[in-house]
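Trainee: One letter stands for each residue in the lines below.
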Amino acid sequence: MKEFKLPDVGEGLTEAEIVRWHVKVGDLVKVNQIIVEIETAKAVVELPCPFEGVVAALMADEGETVDVGRPIISVDDGTDAGPGPVSGVSGSDSERGAALNDDMVPSLPKEERQPVLVGYGVKMGTAKRRPRKPSPTGSAEPPARPSTEPSGEPSARSYAEPVARPSAEPVARPSAEPPTRSSAWKSEPVLTGTEAAVETIASPGRGAILAKPPVRKLARDLGVDLTALTGTGPQGSITRDDVHSAIDAPPAPATARAVRAGADEERIPVKGVRKATAQAMVTSAFTAPHVTEFLQVDVTETMDAVRRLRQLPDFAEVKVSPLLLVAKAVLVAARRYPMINAAWDEAAQEIVVKHYVNLGIAAATPRGLLVPNVKDAHALSLPDLARALGALAETARAGRTQPAEMAGGTITITNVGVFGVDAGTPILNPGESAILAFGQVRDMPWVVDGQIVPRKVCTLALSFDHRVVDGELGSLFLRDIGAMLQDPLRMLAWG
Amino acid sequence: MTADASHGEAPPEFVQLLTPEGERVQHPDYDIDLTPEEIRGLYRDLVLVRRVDLEAVALQRQGELGIWASLLGQEAAQIGSGRALTEADMAFPTYREHGVAWCRGVDPVNLLGLFRGVNHGGWDPAEHNFHLYTIVIGSQTLHAVGYAMGIQRDGADAATIVYFGDGATSQGDVNESFIWASVFNAPVVFFCQNNQWAISEPLEKQSRIPLYRRASGFGFPGVRVDGNDVFACLAVTRKALADARSGQGPMLIEAFTYRMGAHTTSDDPTRYRVAAELEAWKLKDPIERVRSYMFKNQIADQEFFDAIDAEADDLGRDVRKRCLALPDPEPLAIFDHVYAEPHRLMDEERAQFGAYLEGFEG
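Respectively, the protein sequence lines represent chains A and B. Per our numbering, numbering through the first sequence is continuous, rising by one, with the last residue being 509. Per our numbering, numbering through the second sequence is continuous, rising by one, with the last residue being 1098.
Do not rely on the hints blindly, as some may be mistaken.
Reference listing, derived: stretches of chain A covered by chain B, where coverage requires no fewer than 3 residues with Cβ under 8 Å from a Cβ of chain B [claimed, not checked]: (1) 21-35; (2) 51-60.
Listed next, the in silico EDC-like pairs over lysine to aspartate or glutamate satisfying Cα-Cα at most 20 Å (straight line) [said to hold, decoys possible]: (3) B/Lys1032 x B/Glu759; (4) A/Lys147 x B/Glu1097; (5) A/Lys44 x B/Glu1047; (6) A/Lys44 x B/Asp1050; (7) B/Lys1018 x B/Asp1004.
Bear in mind the hints are in silico, worked out from the structure with no lab data behind them. As the structure is a computational prediction, the values presented were derived from the model and not from experiment. By construction, the Cβ of each residue, glycine as well, lies at the ideal position given by its N, Cα and C atoms.
Let the hints inform the model, and build the full structure from the sequences given.
Mentor: What follows is the structure, encoded as structure tokens:
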């Protein structure tokens, strides 16, 4: 029986989601046969089986996020020995690598790891260290303070602080070799392996203090006692942020600090679509000055038109929703005001006016927010547009949207109404100049010919890039869409 | 933007001797006369290096290698140029030249050891005249020019060849090496595998002109060759090396090819390039055209192809087995090759590190 542990397929990944199993229990598998598809922060990849045999168990479900190093499948290969050490780099080697990285990667601005295309990210795996032999004196006591400690040193030094410091003598070097390069010893605090080891066992009472050398130096520079801190880094190691927050925050009463440290918080790693969405949103919000305008519209006639369209034979096979007519109205209005369907090219210092519309539809999918677009939507007939919108939604919901389908959008509609809300201030899809939020349609008291009557009403919210679109243009665009939804006949008149 | 800088366009100056359909064509400046035995040998090389590459990708996916840079699609450029080398010529690779390593007699398992993190290359560059893989982009071009200048001063009958990618042509090192090679008329062949993508950066974002034409600005000839045509790569590289050896100076060869896989196993090319491009290049596969040519001209029969496939599978299994059996390196070995000769500081550090390791239980 052999177990296959989830490998790190992308240099420094910690976990992956099981997307789809290609095999089931009882299947015969060969070496290098594709057994499972996984999604990491970087890519969807297929994993080939390292063994030949019969699948004995699948140890992770589809949709489950699995830590690197956890067994995901066991294969009966005829040997009855327990799970062998099958994983090379992802096993002991990577643990050793992790230990090295933790110790040796110099200061990184953040402790969160960044996915990288090349080179290793920061390892967050579990680093196992072999136990040390007892100290040469045979005593478990912390090593005696070196008697040569200069008198100028602060007396309140803790044992956890690095032993080596810019002192005049090579203090605390257990090996008896004379320093051959005394000038170097004088000018530089050098931690030899033995010293580092002494240091990690030198914290009385609570085991080793874990902190990278640059963090230790920072703590020393700022006068922070590492023994008083609780690390938030990997394996409880102390990070730069921990040191900084120890100074920034006044020493709060312990009770106050501990209030929310526990089980009623959940930490969700930012990755995949969520991460891409976050970056796109921040980029957009901080590069394009957004303006949002609102308009309440009586869409009773539009809802009636939707009902009548559904009865037409041309629309028998397709889904007709209010979104279809909103889309049509946006297309008609975009033709009347081409500047709204434009992009700001910062590098070229040009405004790119698109004479075609790739109409983006923001879709909530199991994998997060995606904005696929209908290519050349301006050229589609109404039934074709309905078909395209339907196909796009279905693909998005099935999680099969391809990058190409999300690229090249020129203007976007976000249908917030499906969530039962009236309006929002949508953020532009990067590279576009306008986005329309279509709120829920509901019965409202409305004044028609001096009488208050119940009507179907919805709110439209239009955000636009104020570098490209002036207030007047944005208002005209929004007003015309409103007018078309109030009286769909105008779509014909202006279309 | 000129048309021939865009993806997949076959430019007019393209040296091609074997079309994607397996038709033999002539070229006025470059031709080659290969025996059936030589053609069978080239085919075998192509198939075997592809098989080793596939096995390595699988091993990475199984957690046995930290990373792997696949050569898929670039076999002809590497085998064609690699087989053009004489024993005395010296090759300077990037980290993707598995096919050239094969031609230089380097055991593929040594390549895997590097990517498994148990060696730093594992072969003796002097023994194979094949330098260690260079991870830094383009720096090996300087090493190659320096080596070529050494050959020049020794008066040896040899040349150097240096491999790099399209992305490397944007590096300062590469441009500096062009200048030195040109000014000193060094016996070096610059072999650029233009696989169209510098990780996710397409060629048209890196150059306004076809890469081979850059050479003229530095003062030496440049030629573009169909990088998926093993005959053309062999013919052009042979000529360039012969010119270099006979004192005619450097030459730039741009092998126009395509990286069919990811940049490395850490990369997901579907995020930045369209599937249609990949499909178009599949039709220009470097192995299929040779196979088709051999079939049509009765240079080999089905039995031969089956035997090569079987040999490839055996090689794949063998490489896998020996890769998994690679021993972890001796920790103190890291001090061994820092200096060519015994060095006091190294001895001291070795002793200190040894004492540190001794301090562990078990």
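Trainee: Give a verdict on every hint.
Mentor: We went through each hint and held it up to the structure:
no. : hint                  : in the structure
1   : 21-35                 : holds (count 5)
2   : 51-60                 : holds (count 5)
3   : B/Lys1032 x B/Glu759  : 9 Å, holds
4   : A/Lys147 x B/Glu1097  : 5 Å, holds
5   : A/Lys44 x B/Glu1047   : 18 Å, holds
6   : A/Lys44 x B/Asp1050   : 15 Å, holds
7   : B/Lys1018 x B/Asp1004 : 18 Å, holds
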